[in-house]
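Chains as they are written, first to last, in the UniProt record's numbering: chain V, 1 to 603; chain E, 1 to 114.
Any given hint might turn out to be false.
[Unchecked claim] Covered by chain E, per the in silico footprint, the following chain V stretches (three or more residues, Cβ under 8 Å):
| id | stretch |
| --- | --- |
| 1 | 104-111 |
| 2 | 185-197 |
| 3 | 497-508 |
| 4 | 571-579 |
[Said to hold, decoys possible] Only pairs whose alpha carbons sit at most 35 Å apart, straight line, appear in this in silico DSBU-like list of lysine-lysine:
| id | chain 1 | residue 1 | chain 2 | residue 2 |
| --- | --- | --- | --- | --- |
| 5 | E | K89 | V | K393 |
| 6 | V | K515 | V | K474 |
| 7 | V | K356 | V | K370 |
| 8 | E | K89 | V | K540 |
| 9 | V | K258 | V | K227 |
| 10 | V | K216 | V | K515 |
Just so you know, these hints were derived from the structure itself, not from any lab.
All of these numbers come straight from a predicted model, not from anything done at the bench.
Each residue gets a CB set at the ideal place from its N, CA and C atoms; glycine is no exception.
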Amino acid sequence: MTRTPLRPLARILSARANGENPDTIERENLRLRHEELRDRSRNRAEGRLLLLGVAFFMAFTIIGGRMGLLAASQPEEPRAAATGAEILNQRADITDRNGRVLATNLLTHSLYAHPKDMVDPGRVARELAAIFPELDAEALQKRFTDGRSFLWVRRKLSPEQMQAVHDIGDPGLLFGPREMRLYPNGRLAAHVLGGASFGAEGVHSAEVIGTAGIEKALDARLRDPAKGTEPLTLSIDMTVQAATHEVLEAGMKMMNAKGAAAILMDVTSGEILSLVSLPDFDPNDRPQPLVGAKDDPADSPLFNRAVQGVYELGSTFKIFTAAQALELGLVNPETMVDANAPMQWGKHKIKEFQGKNYGPLLSVTDVIVKSSNVGTARLALQIGGLRQQAFLKSLGFFDATPLELVEAPGAKPLIPARWPEIVTITTSYGHGMSASPMHLAAAYATIANGGLSVTPTLLRQDRPGPGNRIMSEKSADAAVSMLRQVVTKGTASMGEVPGYAVAGKTGTADKPRPKELGGGYYKDKVINTFASVFPANDPKYVLIVTLDEPVETSGPEPRRTAGWTAVPVAAEVIRRTAPLLGLRPAVEFVAPDALLAANAIDE
Amino acid sequence: MRPVIYVLSFLAVMALAFWAYRENYATQQALREVSGLNREIAGLREALSVQRAEWAYLNRPDRLRELATLNFDRLGLLPLEPEQFGDPKQVAYPPEPLFNIEQPVNVSGEEEPL
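Given the sequences, and given the hints that come with them, work out the whole structure.
Right, here's the structure in full:
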């Protein structure tokens, strides 16, 4: 671009010659130049605006077009993408701690009918009733012909039944896919698993929802689509559970008990390795709960005695009194306490079992070994009600257990509303307040764990955190050693299992009579409990065995004490399960022949 | 020169059309295969879950216990008991070779002096 000078000499000279002002020429030129500059920049700005406009227009057109396409087109899955297993699993599996399946899903079919499409409703009804005995041909025919256009016939069909229905060959009978919950082990862990049923149902699928146990408590986790392929791992060991179940069932029959419960717990992590409650049920075919006015829900097989059964646990509580007295430094295991029975307290008389008298003085260890009510009561009076309450609270006896079962929060311990001294006395030997065997297991685990609190759990713990300190290791060890002596020379002598140094405490509590039958306690109905810890020198497991209304009839008169009923059953459970848990018995080795014996001496 | 370019470009268009036609059908075929495979995978997954359930059902402790009882003559299986834990000392190792006696002098030489 050529730049024109503002004052061209030729025009200046001619202007001067004509007597004009040369400055007007300069101004005129300056104006022209400015106009030119203005036009150029306006052009550039217009170009930019146009470009931006076109860009925006295209962007909006693309977005609008895409939206229109999405709105107008048929939805379709990308066909080339690979499908994962996530879609198939509507509900996560449940496995035991070693990955063996406890609950899984199975694809079956449901049967529904479109009566308007039926060729011969009468024949269909007859043939269906022949395949499914629980269906009534006449009622079915009435429902087929009352004008409705849709009805469910059955929720689940086996493949054989499905084929049989196919063979009826009526166009009005239709199948829909159904994912059903399957418990391959049947009754084995029925109370832990609970059961499942269908929620919202459609023809093409149905919701599977948990109805009890861990299936309901962790329903959200099991149904979480993000974790559908990842099984829920429980702390239960299936082998141990099977052995416990077998032994407990045999023991319950042998002791003529109405019910039984067993809990086996790891004392460091609080993991429950086995939880059995008898009688039990098949979670694949969960029975209806008892709803009659006179029915006691505790008589239903659905009732989980280990968790929901809130009982007076009897003498098993005495060790807590003794342990607290040791912890407070009031006594040591050899201190002599007054155990002169019967003990008069106000209008109450505290007696020993069968009116015996172990007194006048007993060492604290012997109070536990002989299970002296009076001795324990004296210890409790030394401790005092407030401190006793605080200690029992720290052991978890005042709240429901935090177990991952839907039944657990409902099983609150029964605590006396007021705490006068007579309650302090009765609570010290396990009467007047009620708790579940699960509470007892957690509290015994705390003692066995060297005084660190233990939270019972049904989920496998890979890195359990240490609990709070409830009592010193020294008092806890002293308490375990007292429990050991109960087995070696006390009320639980049948609990000795060679090699496993069982320590434990028996408890026999009379069953309370319902108010309608006069209140008070039954004379011939008891709940027997044996709370044990093994091996005593390095406690690893806690086992609680509870028998409901047992009676041992091998002697001349029926025996109803825990030492004769719950203890032998617990001993057999330990004998069977301890090897499965990988515990080596600490037995002196007997050489099978002289040669090897000589070798052994040489070394 | 110009007609040659026209002919060549026409041929190129024809070739590309033929190629696109083949690609289209090959893609459709591949998609059909994929959906067939997906169906097969879904079926196999379903079969797998059924077989897992069946395996768990066949291995349920009740049944294994019954089978062990039925076949006791042949297998002799009993529940694990504490007595079955062994000790390395119970293993019969081969005895150490006896001291080789060749000459009576050797023997007297090994004796401790009185």
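Hints versus structure:
{"no.": "1", "hint": "104-111", "result": "holds (count 4)"}
{"no.": "2", "hint": "185-197", "result": "holds (count 3)"}
{"no.": "3", "hint": "497-508", "result": "holds (count 4)"}
{"no.": "4", "hint": "571-579", "result": "holds (count 4)"}
{"no.": "5", "hint": "K89(E) - K393(V)", "result": "violated (50 Å)"}
{"no.": "6", "hint": "K515(V) - K474(V)", "result": "violated (44 Å)"}
{"no.": "7", "hint": "K356(V) - K370(V)", "result": "holds (11 Å)"}
{"no.": "8", "hint": "K89(E) - K540(V)", "result": "holds (26 Å)"}
{"no.": "9", "hint": "K258(V) - K227(V)", "result": "violated (41 Å)"}
{"no.": "10", "hint": "K216(V) - K515(V)", "result": "holds (33 Å)"}
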